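Q: Now for the letters of each chain:
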Amino acid sequence: DTAVSQTPKYLVTQMGNDKSIKCEQNLGHDTMYWYKQDSKKFLKIMFSYNNKELIINETVPNRFSPKSPDKAHLNLHINSLELGDSAVYFCASSQDQVGPGANVLTFGAGSRLTVL
Amino acid sequence: KNQVEQSPQSLIILEGKNCTLQCNYTVSPFSNLRWYKQDTGRGPVSLTIMTFSENTKSNGRYTATLDADTKQSSLHITASQLSDSASYICVVTEANDYKLSFGAGTTVTVRA
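Line order of the protein sequences matches chains A and B.
Using this note's numbering, read the first sequence as starting at 1 and increasing by one per residue.
Using this note's numbering, read the second sequence as starting at 1001 and increasing by one per residue.
Derived from the structure by calculation, the hints contain no laboratory data.
Warning: the hint list may mix true and false statements.
Cut-off 20 angstroms, straight-line C-alpha distance, at most; resulting in silico cross-link-like pairs (SDA-like, lysine to any residue) [what the hints assert, rightly or not]:
| no. | chain 1 | residue 1 | chain 2 | residue 2 |
| --- | --- | --- | --- | --- |
| 1 | A | K44 | B | N1024 |
| 2 | A | K41 | B | R1042 |
| 3 | A | K44 | B | S1007 |
| 4 | A | K40 | B | I1012 |
Just so we're clear, the structure is a prediction, and the values are computed from it rather than from any experiment.
The whole structure should be built from the sequences, with the hints applied where relevant.
A: Next comes the structure, spelled out in structure tokens:
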């Protein structure tokens, strides 16, 4: 069973469109994250959710909105897509929000978004 | 300025050879340092974790070292295999709020 699964794996779309990426974890973890990995392979945190509450919101455009229907799911919605949004987006989860278990991240396989 | 710097950015080695990757950090106060391996098209997977009191830790052919005084870590790959081709990412945890700082990664290519 896949611990952290995200869909779709690939997404190609036009500028201005709205798209969503879904993420589910079956590890029973309390915290879920979205990371963006740019062309230089640098991972940058976008959001994290702990028990359905947003606890980190780095300086990302408000076109990006995380939505968590329950502890096991954290979806990423992107409105009015721009060329610069092209990247690989990784979902991750961890047992804790803070403490030693906070940095034991389990990542999904990534979703490659290409905006044309 | 990024608090975690990795070098080299990329390297190519022949199968069976050894290599060493470097990670320098300025994160303070320090909690722990973790090395992740990211295969192409996959998410990062944890290899090792080093706490303040640990100098070296091995995971099969991977050996990580930590010098908390100089704030440096290395990841040594012994007898490389084709499957070692991947990006290796250094992640440092801050002790106060457990915030993670990521390095940009080192891309290793192992050739037959």
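Q: State for each hint whether it applies.
A: Here is what the structure says about each hint:
no.: 1; hint: K44/A / N1024/B; verdict: holds (18 angstroms)
no.: 2; hint: K41/A / R1042/B; verdict: holds (12 angstroms)
no.: 3; hint: K44/A / S1007/B; verdict: holds (19 angstroms)
no.: 4; hint: K40/A / I1012/B; verdict: holds (17 angstroms)
Comparing the model with each earlier hint shows no violations; every hint is respected.
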